[in-house]
Each structure stands twice: as structure tokens, then as C-alpha cells.
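Chemist: In case you want the letters, here they are:
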Amino acid sequence: NAGVMQNPRHLVRRRGQEARLRCSPMKGHSHVYWYRQLPEEGLKFMVYLQKENIIDESGMPKERFSAEFPKEGPSILRIQQVVRGDSAAYFCASSPPGGTEAFFGQGTRLTVV
Amino acid sequence: GQQVMQIPQYQHVQEGEDFTTYCNSSTTLSNIQWYKQRPGGHPVFLIQLVKSGEVKKQKRLTFQFGEAKKNSSLHITATQTTDVGTYFCLVGSGGSNYKLTFGKGTLLTVNP
Chain D
1 NAGVMQNPRH LVRRRGQEAR LRCSPMKGHS HVYWYRQLPE EGLKFMVYLQ
51 KENIIDESGM PKERFSAEFP KEGPSILRIQ QVVRGDSAAY FCASSPPGGT
101 EAFFGQGTRL TVV
Chain G
1001 GQQVMQIPQY QHVQEGEDFT TYCNSSTTLS NIQWYKQRPG GHPVFLIQLV
1051 KSGEVKKQKR LTFQFGEAKK NSSLHITATQ TTDVGTYFCL VGSGGSNYKL
1101 TFGKGTLLTV NP
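So the sequences go chain by chain: D and G.
Using the numbering used here, you'd call the opening residue of the first sequence number 1 and step up by one each time.
Using the numbering used here, you'd call the opening residue of the second sequence number 1001 and step up by one each time.
In isolation and in its complexed conformation, chain G is listed as follows (with noise of 0.2 Å):
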């Protein structure tokens, strides 16, 4: 079955550092999306990646995905507060029979 990966697992960073976490996929992927999870919330939808080497851009977060279509990164430049949360990927194998698989996730701390 499908297999994702996602590194770190933790990561706390002081507010004004940059963040990446990663996401690995053991077979090629249809496409990427990333969630945000602020603690007590619900995920939130960031961003879709679907083409091979896509980098897409939203303000300071930056989301890129791999040639290969089996990785994919998500950067944050210059930490805030308000990045704090749990970044999830989430993963789509084709097919008639669509299945989405998540990450685990990287919990980030953004000490002020």
C-alpha cells in the first residue's frame, strides 16, 4: 500500500528562522496537497502540487514538488507565531479508486 513519509516529526525554531519539512513517497504520486492543523483545529487546506518540479508560492511558505513526483517539500521563510501548528501532506494514488493518505506530520513551535 501506499507509504508517505514526513520529516521531521518535531521542529521548534525561533520566530524570524526558516522551517522545512518534508514528505516522501514510496511510489509516484498523482498529486500533493498540504494541510495545516493549528492545535484544537481542524486541518485546513494550503496547496495542491499535481506537475513534476512544480514550485508554488504562497507569501512566506513556498511548496515544491519533486521531479520525480515522489517528494515534496514545504519552506517557510522567517518564522511567525501564527506558523504554529502541524503541517500535513497529503498524498493521492490514481485510479478509479482515488485514496488520499496522510503524513504524520511535523508538529512546528515558534518560540517568540
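Next comes chain D alone, as it looks inside the complex (with noise of 0.2 Å):
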């Protein structure tokens, strides 16, 4: 049973461009968590989804961030015109039905340029 599974690893964008980071829930798990984590500072939650549905979204900024989990594939979570202050680790997490312990995926490492 693979683990979540989130790519790229690690994406460079230029301020402005679009970035999509991908998280793959390991087997069996229909809830998807997103983090960020910004250098020397903790996770922050942003979204939780179940298969397509936001359940909360109260973690994310209002514009320019927007996050799905389809019926088919991996959850998206995608910035449009990225800036510097865009630039972290992000970090998706799944669990079972039910919200029994999270996964996480070894995130992805956004930098802006």
C-alpha cells in the first residue's frame, strides 16, 4: 500500500505563472487535508476535502487559491499567479472515513521567483 503520494517534489515558479501541486491519498482514504508550512513556522491547515466536496476552507486565502478532490485522480491544489510570499512547503495529509489518524505526503516545495 503506497503512501500519499504528493508531486512535484519541488516546483519553481515565476511570480505570476500558475503552480498545481498534486496529492495522491494512499488506498482506501477519502479525506484529503492540505498544509502549508512557511519556512521555521508550523503547518497551517488550509482545506479539507472529501471526494468532491470542500468540507473547509477556511484555512485558504480567499483569491487566487482554489482546491478539488474529483470523483477520479488526485486532489489539486492550485495558485494562480503566484507570488513571492507563495513560496513554501506544502503538505497534503489523507485519512479514512471515519478521521482516524493522517498521512502525510512528503509535500511540495513551492519557490517563486
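Just so you know, the hints here were simulated from the structure itself, not pulled from any lab data.
All C-beta atoms, glycine included, are put in the ideal place defined by N, C-alpha and C.
Mixed in with the good hints there might be a few duds.
To give a feel for the contact side, a few chain G residues facing chain D, derived at Cβ under 7 Å [as the list claims (entries may be wrong)]:
no. : residue
1   : Tyr1022
2   : His1042
3   : Pro1043
4   : Phe1045
5   : Lys1104
6   : Asn1111
With the hints as a guide, bring both chains together as one complex.
Modeler: In C-alpha cells, the structure reads:
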């Protein structure tokens, strides 16, 4: 059973470009969480999704950020018109129905130049 | 919303000394999980506590869940340099919309 897979591991974007981050949850997991970690800081909740539904997006900036978890395929975190302040590590976690322990992917490190 | 306080923010110890980090919630928790993140790495699941007053041990690590299910602690006995990293608690609030909230973490450094 493969773990949570995130890709790419590293992503470099110029200011104004779009960044697309992918997360494939563990098999059997239907809950996905996205977290952002700025350098030297803790993990901050962004969004919680179940298949085809956004359950809680209270931690996500209102503009430029969006997330989806389609019926088929990975969860996608999309950042439009990136700015330098978006540079961070973005971690995805998944958990099975019932919300027991969460398992994290290795993260995508986004650098905006 | 869910409030989670984790203390201390930083802890520096000499190798062989003990270490404890605490996680406190403003509300009763369904469960609590502990994670370790090495510098440059990703959070790795350590343990989950569910029952009131629960105590679990993993070698030199002891995890406790408070009787009121509002606080938890992670204690490391006789730290080693391999224990270096940030220790996070992750708490769950129950109901159909299950939300997981991280504490800010405690960064542990160990002087050999």
C-alpha cells in the first residue's frame, strides 16, 4: 500500500504563473487535507476535502487559491498568479472515512522567483 | 473554532536529559495524534490517543491523554541526537465534518 504521494516534490514558478500541486491519497482514504508550512514555522491548515466536496476551506486565502478532489484522480491545489509570499512547503495528508490518524505526503516545496 | 496551544515553542537540551512538550485544547477532543518532523522532512505519524487518561509508550517516548481529553503530553526520556526535530500535536474535533488542527510544534534541539 503506497503512502500519500505528492508531486512534484519541488516546483519553481515565476511571479504571475500558476502552480498546480497534486496529492494522491493512500488507498481507501477519502479525506484529504492540505497544509502550508512557511520556513521556520508550523503547519497551517488550508483546506479539507472529501471526494468531490470541499468540507472546510477556512484556512485558504480567498483569492488565487483553489482546491479540488475529483471522483477520479488526485486532489489538486491550484495557486494562480503566484507571488513570492506563496513560497512554502505544501503538505497533503489523507485519512480514511471516520477520521482516524492522518498520513502525510513528503510535500511539495514551491519556490516563486 | 478549535484552539490548540502547544508549549514550549523551543527546547534545547543536553544529550541524556529528558524532554516534554504539552498540547492544550480549548475544547474536548475526540482524539489526539503526535507527529515528528525532521528538518527538511515531512510530518511522520508517531501515535494516536483516544481514551481519557490513556498512556502509551514507544521505547523512550511516553504519550499521555488527559482525563478531561483537553490536553496531552509527549515525554522523551534520555534524549539522543536522533530525537532532534519538531514535534506536533494534531487534534480532531468530532462530528460528521472531521477537522484536524495542528499545534504550532515544539522544536527540540539536542547538544551532544
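Chemist: Does each hint fit the structure? Answer for all of them.
Modeler: Hints and how they fare:
| no. | hint | verdict |
| --- | --- | --- |
| 1 | Tyr1022 | 15 Å, violated |
| 2 | His1042 | 5 Å, holds |
| 3 | Pro1043 | 5 Å, holds |
| 4 | Phe1045 | 6 Å, holds |
| 5 | Lys1104 | 4 Å, holds |
| 6 | Asn1111 | 20 Å, violated |
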